Amino acid sequence: MNQPANQPADRSTATCSGAEIRLEHVSITLGSNQIVSGINLDVAAGDFVCLLGPSGCGKSTLLNLVAGFLPATSGRVSVGGRPVGGPSVDRGVVFQSTEALFPWLTVQENVEYGLRMRGVSRAERARSAQRYLELVGLSQAAGRFPSELSGGMRQRAQIARVLVNEPSVVLMDEPFGALDAQTREVMQTEVDRIWRATRPTILFITHDIWEAILLGNKIITMTAGPSARFKSVVPVDLPHPRDPTAPEAVKLYRDLREDIAAEVRRTLQVQGLVKDDTVPGVAA
Amino acid sequence: MSAVNTSSPAYRTAAAPEAAKPPKPAKPFLDTRIGRALTAIFSVTLGIAIWEVLSWRFPPLFLPSPQLTLQAVGELWADGTLLQSIGASLARIMAGWGLGLVVGIPLGIVMGYFSFVRRLLDPYVEFFRFIPPIAFVTLAVIWLGAGEASKVALIFYTTVFIVMINTIAGVLSVSELRLRAAAALGANPLQILLTVIVPSTVPYMVTGARIAMGNSFLTIVSAEIVAAQIGIGAMIWTSRNYGKTEWVFVGIITLGLLGYTCDRVVRFVVKRVLRRYAVAV
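Here the protein sequences come in this chain order: A and B. Going by numbering that gives the first Met the number 0, 278 is the number at position 279 of the first sequence; the sequence numbering is gapless. Going by numbering that gives the first Met the number 0, 247 is the number at position 248 of the second sequence; the sequence numbering is gapless.
In short, the hints are calculated from the structure, not lab data. It should be emphasised that the depicted structure is a prediction, and the values quoted were computed from it without experimental measurement. The beta-carbon is built from N, C-alpha and C at its ideal position, and this holds for glycine as well. Some hints here could point you the wrong way.
[Unchecked claim] Straight-line Cα separation of at most 20 Å, SDA-like style, residue types lysine to any residue; simulated pairs:
| no. | chain 1 | residue 1 | chain 2 | residue 2 |
| --- | --- | --- | --- | --- |
| 1 | A | Lys230 | A | Ala43 |
| 2 | B | Lys270 | A | Pro102 |
| 3 | A | Lys217 | A | Ala196 |
| 4 | A | Lys217 | A | Lys250 |
| 5 | B | Lys270 | B | Thr206 |
| 6 | B | Lys243 | B | Thr80 |
| 7 | B | Lys270 | A | Thr105 |
| 8 | A | Lys230 | A | His206 |
| 9 | B | Lys270 | A | Leu104 |
| 10 | A | Lys217 | A | Pro246 |
| 11 | A | Lys250 | A | Asp236 |
| 12 | A | Lys217 | A | Ala44 |
| 13 | A | Lys250 | A | Leu237 |
| 14 | B | Lys270 | A | Phe144 |
| 15 | B | Lys270 | A | Arg143 |
| 16 | A | Lys217 | A | Leu255 |
| 17 | B | Lys270 | A | Ser146 |
| 18 | A | Lys230 | A | Asp46 |
| 19 | A | Lys230 | A | Arg264 |
| 20 | B | Lys270 | A | Trp103 |
| 21 | A | Lys250 | A | Val232 |
[As the list claims (entries may be wrong)] Label pairs and their in silico Cβ distance ranges:
| no. | chain 1 | residue 1 | chain 2 | residue 2 | range |
| --- | --- | --- | --- | --- | --- |
| 22 | B | Ser172 | A | Thr244 | 44 to 52 Å |
| 23 | A | Gly142 | B | Ala145 | 49 to 57 Å |
| 24 | A | Arg143 | B | Arg263 | 24 to 32 Å |
| 25 | A | Gly142 | B | Arg263 | 28 to 36 Å |
| 26 | B | Glu175 | A | Arg228 | 23 to 31 Å |
| 27 | A | Ser146 | B | Asn240 | 50 to 58 Å |
| 28 | B | Trp76 | A | Ala122 | 51 to 59 Å |
Okay, chain A solo, but in the shape it has when bound:
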């Protein structure tokens, strides 16, 4: 933990060490659709949990729930022991779309936004922003507008904008889904490094199995929706930085892939798109 000791007193809840996330019997119904049902989740403080599942299984809905964007239809959601009642700066969100950046603000102004909303002085804002821009490798682009950045740089800006508030929980909703393969790899390494440097609790949503293996210290797979549930919780004890060619990693990949493929198959059967057990391209 490389935070300076003299943080302002009112930020005591948000030093960059994580808080635990707890979901108890959570169900979410939107209209007449039950999106997720009976979810129980315990994420320990400082964990990096990857939620892995086919699209449409309610991963993002769960993240929106923890972020406070959606209320649970039933059940309890708490972070750091306190029930979630709405969005909070203590639970930072990195969105998949870079549209979440404010295009009329420069990168630095975007990063300073959360501090400005809390009335932090201009000089201190600039200092903190600089530090986190450096952490994500964007110091050179501080004065540029988001439209002048590449996709990877925009996601770095989003990450800095969240981390500058020193949240205890960082929620990431397929943050690298729209990036090209090379940039994604670089960003994954960066997120791994940043997590180990600052240790917030991270809930990371992805449908990319390799991404989950590279990043998470726990991987949770979900069943296909509707009424999605957790299928399995897999702890990952591989050393950092992770080597995707290590035999344990490869084995893990095979297991997870079969897990997910079974769910995709089930979805397609439910939708009547396939009749038998075979799904093209998803061999067992």
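On the provided structure of chain A, position chain B as indicated by the hints.
Positioned in the frame of chain A, the structure of chain B alone reads:
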């Protein structure tokens, strides 16, 4: 790239990136700056030529020639009528339009943000936006007198609804994603309104303001024809009474040029001042 290298002039000239680039394919002449300017000049010249030829066939009372119109410009300029008319009309437009923006933008934001206020005022907006300002000219004179107030009020009327409707549309189209991002960064509802919704809505406000500017020119003429001694509308009306068709032409051309200039000024200011809000002008 180190600072030493980039600041050295020798480095700059040595590594001039232009040298390495393949030559750009030449644009067709009509797409170049000069080509476009020439096209515009050609178009205007052709229009005046057609006007000239047509004027040979008709008496000046029906269609004054370009020369006669130019002479009229000289006359009206020399006795100060033209400048005075432009000044009077422009002052009314600026006052009414400016007032319309000052009232319409905040109202539009409040109506867009609070659905209750929107539902409360919607019947009036939906009713009055179909009533052209010309219909109110007589009432404006009865209620506000023949002075400046009635004209300014009419321009205000023509501006305020357009600006409001555009601003409301802007507020309603702010992306949910940005609102969520702001909330998750700790902004309270009032802060979200001021720091996310208002900036996101700027392009819509500008669109409203530009349309309203055009409509203000429509309105000013009808208002001045009915109730003004000076102003471009008044000038056109007086000229008709004197049978000076060429003065009418001067008034019409002045209006066109003035409107064009105003729009250019708005665009220029918007480009300069509001560049970061991604206003397409």
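Against the structure, the hints:
1. Of the supplied pair hints, the one linking lysine 230 of chain A and alanine 43 of chain A holds, its CA atoms being roughly 19 Å apart against a limit of 20 Å.
2. Between lysine 270 of chain B and proline 102 of chain A the CA atoms are separated by roughly 16 Å; this keeps the pair inside 20 Å, and the hint holds.
3. Between lysine 217 of chain A and alanine 196 of chain A the alpha-carbon distance is near 18 Å, which keeps this suggested pair within the 20 Å criterion.
4. Between lysine 217 of chain A and lysine 250 of chain A the alpha-carbon distance is near 15 Å, which keeps this suggested pair within the 20 Å criterion.
5. Of the pairs offered as hints, the one joining lysine 270 of chain B and threonine 206 of chain B holds, with about 13 Å between alpha carbons and a cut-off of 20 Å not exceeded.
6. This hinted pair checks out: lysine 243 of chain B and threonine 80 of chain B have alpha carbons roughly 14 Å apart, not beyond 20 Å.
7. Restraint check for lysine 270 of chain B and threonine 105 of chain A: the C-alpha separation of about 17 Å stays at or below 20 Å, so the hint holds.
8. Pair hint lysine 230 of chain A plus histidine 206 of chain A holds up; C-alpha atoms about 14 Å apart against a cutoff of 20 Å.
9. About 16 Å separates the Cα atoms of lysine 270 of chain B and leucine 104 of chain A, which keeps this hinted pair within 20 Å; it holds.
10. Among the hinted pairs, lysine 217 of chain A with proline 246 of chain A is consistent with the structure: their alpha-carbon atoms are about 18 Å apart, no more than 20 Å.
11. Taking the CA atoms of lysine 250 of chain A and aspartate 236 of chain A, the gap is near 13 Å; set against the 20 Å cutoff, the hint holds.
12. Pair hint lysine 217 of chain A plus alanine 44 of chain A holds up; C-alpha atoms about 12 Å apart against a cutoff of 20 Å.
13. As the CA atoms of lysine 250 of chain A and leucine 237 of chain A are separated by approximately 12 Å, the hinted pair is consistent with the 20 Å bound.
14. Only pairs whose Cα atoms come within 20 Å are accepted, and lysine 270 of chain B paired with phenylalanine 144 of chain A is accepted, the gap being roughly 16 Å.
15. Restraint check for lysine 270 of chain B and arginine 143 of chain A: the C-alpha separation of about 18 Å stays at or below 20 Å, so the hint holds.
16. A threshold of 20 Å between alpha carbons decides the hint, and for lysine 217 of chain A with leucine 255 of chain A the separation of about 12 Å falls inside it, so the pair holds.
17. For the hint pairing lysine 270 of chain B with serine 146 of chain A, the CA-to-CA distance comes to about 16 Å; that is within 20 Å, so the pair holds.
18. Between the alpha carbons of lysine 230 of chain A and aspartate 46 of chain A the distance comes to roughly 19 Å, so the proposed pair stays at or under 20 Å and holds.
19. Taking the CA atoms of lysine 230 of chain A and arginine 264 of chain A, the gap is about 15 Å. The hint holds against a cut of 20 Å.
20. Straight-line distance between C-alpha atoms of lysine 270 of chain B and tryptophan 103 of chain A comes to about 13 Å, which keeps the hinted pair within the 20 Å bound.
21. Distance restraint check for lysine 250 of chain A and valine 232 of chain A: the Cα-Cα separation of roughly 16 Å lies within the 20 Å cut-off, and the hinted pair is therefore satisfied.
22. Between serine 172 of chain B and threonine 244 of chain A the Cβ separation comes to about 48 Å, which falls inside the hinted range of 44 to 52 Å.
23. Glycine 142 of chain A and alanine 145 of chain B have their C-beta atoms about 55 Å apart, which keeps the hinted 49 to 57 Å range intact.
24. Taking the beta carbon of each, arginine 143 of chain A and arginine 263 of chain B are about 29 Å apart, inside 24 to 32 Å as hinted.
25. For glycine 142 of chain A and arginine 263 of chain B, the hinted distance range of 28 to 36 Å is satisfied, since their beta carbons lie about 30 Å from each other.
26. Checked against the given bound of 23 to 31 Å, the beta carbons of glutamate 175 of chain B and arginine 228 of chain A, roughly 27 Å apart, stay inside it.
27. Serine 146 of chain A and asparagine 240 of chain B have their C-beta atoms about 56 Å apart, which keeps the hinted 50 to 58 Å range intact.
28. For tryptophan 76 of chain B paired with alanine 122 of chain A, a C-beta distance near 57 Å keeps the hint of 51 to 59 Å intact.
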